[in-house]
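**Q** Protein chains in written order, with our numbering: chain B, 1207 to 1459; chain X, 45 to 265.
Just so you know, not all the hints are guaranteed correct.
Here are the simulated lysine-lysine pairs, DSS-like style, with alpha carbons at most 25 Å apart [stated by the list, open to error]:
1) Lys1358(B) / Lys236(X)
2) Lys236(X) / Lys1360(B)
3) Lys1437(B) / Lys263(X)
4) Lys131(X) / Lys57(X)
5) Lys1437(B) / Lys232(X)
6) Lys57(X) / Lys1407(B)
7) Lys1322(B) / Lys1217(B)
8) Lys1227(B) / Lys1322(B)
9) Lys1222(B) / Lys131(X)
10) Lys146(X) / Lys48(X)
11) Lys1419(B) / Lys233(X)
12) Lys263(X) / Lys191(X)
13) Lys1360(B) / Lys146(X)
14) Lys1231(B) / Lys1217(B)
15) Lys1437(B) / Lys48(X)
16) Lys146(X) / Lys131(X)
17) Lys1407(B) / Lys131(X)
18) Lys1419(B) / Lys1407(B)
19) Lys1358(B) / Lys232(X)
20) Lys146(X) / Lys57(X)
21) Lys131(X) / Lys1227(B)
22) Lys1358(B) / Lys233(X)
23) Lys1322(B) / Lys191(X)
24) Lys232(X) / Lys1360(B)
To be clear about the criterion: a stretch of chain B counts as covered by chain X if any three or more of its residues have a C-beta under 8 Å from a C-beta of chain X, and this derived list gives those stretches [stated by the list, open to error]:
25) 1314 to 1326
26) 1331 to 1344
27) 1366 to 1376
28) 1404 to 1415
29) 1421 to 1427
Quick caveat, the hints were computed from the structure, so don't treat them as lab data.
Since we're looking at a predicted model, the values are computed, not measured.
Even for Gly, the Cβ is constructed at its ideal location relative to N, Cα and C.
Okay, here's what each chain looks like letter by letter:
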Amino acid sequence: MEHYTMNLNLKVWRQKNSASKGEFKLYRVENISSEMSFLEMFDVLNEQLIRDGEDPVTFDHDCREGICGACSMYINGKPHGPWQANTTCQLHMRAFKDGDTVVVEPWRANAFPVIKDLMVDRTAFDRIIQAGGYISVNTGNAVDGNALPIEKDKADASFAAAMCIGCGACVAACKNSSAMLFLSAKVSHLALLPQGAPERKSRVMNMVAQMDKEGFGSCTNTGACEATCPKEISISNIARLNQEYLMAGLTAE
Amino acid sequence: MTWKQIFTSSVGKKLVMGFTGIFLILFLIVHAGLNACIWANDGGEMFLHAAHFMGANWVPRILEIGLFAGFILHIIQGYLLTVENRKKRSVGYAVSYSDGSKWYSRSMGLLGTLILLFLIMHMSHFWFPNRSNQGFLLGPEINLYEKMQTEFSVLWVVILYVIGCISLAYHLAHGFQSAFKTLGVHNKKYNKMLTSIGYGFSIIVPLVFAMMPISFYFKWI
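Working from the sequences, and respecting the hints, build out all of it.
**A** Below, the structure is given as structure tokens:
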């Protein structure tokens, strides 16, 4: 695609801290290259704000390669912007035209309180993982690669679930602010492997309990999470989680 | 983990919605099947036989209590969930995300409310007059076929019934397949099958119901 430059109007959510009430501020950025990433465009905006003696916009970012799950902007009514299977850092400005107005909001969920501007506190996800998203039984030393027979399909499905980067786009997209796609990916990737089997009941019970404690909503299978997930985590993982939960509930002590 | 903990968790509450939803889907089949007797073209004779069995026999009357329990659980739990879920996002978005999901999957509370309003009207047309005539036990019933003829001779009643059926159709279009997913069906082949059956069911069953007042209004029967 041919390179072009553009001028954009940005409508960005500004909020001092979690206690204050935020508001939208309008900014204009000029000569933005179509080859820039969305975050680089924000870097340009922030340089401009610093030059003007204003407070730069705070936003989360880390690897800028689409694999860490740190970036988290809700752009023009969709988490991570208009492209499919994509993170904000990998969204490029060729997705926009000269003269466009771009509305940028933080993830909105009470379980993800705004820290400042576009940065939200996603430690609720860490606490859900701490509640059981790991294997604590002793699995011994590293065994020979093929010592443990695992069906290829299951290994693939487990790997697909493990692709979840925990960015929280599922929560941001869900009308109920439900974290079920995230949780189901974490439960599924262990439930599909033999190493996860010994703790499967306590894992799903404890992780769901923690999710509820963090204040996420419940799943109504609308599919918005799957549609926006940068890693294309399948919503069928949620049904698997439901099955894990039902079986654990019926058979646990 | 106690039963209370299981069924009051976010997943457990949805399990209640799924179980009661499927139970009510089964009721719809029975209701549509029995009422289809009006099309026997015998002046309501076959329909009245069926209605008499349902209204004046202890077995269906006891099952009716279970049906009410299913309705009440589904309605109350549905409202509680809708309110609870709304509270999870105090500050809303300026631009809402609507491309990722179907409008009716996001509007189950609204569609459910329309169905509830329809149900109140529907029961005040048939269930309450009939049961009060029976003294709420097994007393003499009213002629429900004639009652249908009178009620469905009024155009606005017919229109309200059709609106009720359309609400039911969209509620089922999401609810049918969602219920099975909530109960843990995740195999691709079952999900595909249940999605197709769900769409078929959500068109056919409400259409059958809608045709009843229409058939009476246009005097096809």
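**Q** If a hint holds in the structure, say so; if it doesn't, say that too.
**A** Against the structure, the hints come out as follows:
1. Lys1358(B) / Lys236(X): 23 Å, holds
2. Lys236(X) / Lys1360(B): This hinted pair holds, its Cα atoms lying about 20 Å apart.
3. Lys1437(B) / Lys263(X): Answer violated: Lys1437(B) to Lys263(X) is near 57 Å, above 25 Å.
4. Lys131(X) / Lys57(X): 16 Å, holds
5. Lys1437(B) / Lys232(X): 19 Å, holds
6. Lys57(X) / Lys1407(B): Status holds; Cα separation ~18 Å.
7. Lys1322(B) / Lys1217(B): 16 Å, holds
8. Lys1227(B) / Lys1322(B): 11 Å, holds
9. Lys1222(B) / Lys131(X): 23 Å, holds
10. Lys146(X) / Lys48(X): Distance of about 33 Å is beyond 25 Å: violated.
11. Lys1419(B) / Lys233(X): 35 Å, violated
12. Lys263(X) / Lys191(X): Answer holds: Lys263(X) to Lys191(X) is near 14 Å, not above 25 Å.
13. Lys1360(B) / Lys146(X): Between Lys1360(B) and Lys146(X) the Cα gap is close to 30 Å, so the pair fails against 25 Å, i.e. violated.
14. Lys1231(B) / Lys1217(B): 6 Å, holds
15. Lys1437(B) / Lys48(X): 35 Å, violated
16. Lys146(X) / Lys131(X): 21 Å, holds
17. Lys1407(B) / Lys131(X): This hinted pair is violated, its Cα atoms lying about 29 Å apart.
18. Lys1419(B) / Lys1407(B): 19 Å, holds
19. Lys1358(B) / Lys232(X): This hinted pair holds, its Cα atoms lying about 17 Å apart.
20. Lys146(X) / Lys57(X): At roughly 22 Å apart (the allowed maximum being 25 Å), Lys57(X) and Lys146(X) satisfy the hint.
21. Lys131(X) / Lys1227(B): Within the cut-off at roughly 18 Å; holds.
22. Lys1358(B) / Lys233(X): Roughly 19 Å between the alpha carbons, so the hint for Lys1358(B) and Lys233(X) holds.
23. Lys1322(B) / Lys191(X): Distance ~64 Å between Lys1322(B) and Lys191(X) Cα, so the pair is violated.
24. Lys232(X) / Lys1360(B): Judged against 25 Å, a Cα distance of about 14 Å means the pair holds.
25. 1314 to 1326: With 4 residues close enough to chain X, the hint holds.
26. 1331 to 1344: violated (count 0)
27. 1366 to 1376: Answer violated; 0 residues pass the 8 Å Cβ test.
28. 1404 to 1415: The restraint on the segment 1404 to 1415 of chain B holds, since 3 of its residues have a Cβ under 8 Å from chain X and three suffice.
29. 1421 to 1427: Three-residue rule met by the segment 1421 to 1427 of chain B, so holds; n is 7.
Hint compliance for this structure: hints 3, 10, 11, 13, 15, 17, 23, 26, 27 are not met, and every other hint is.
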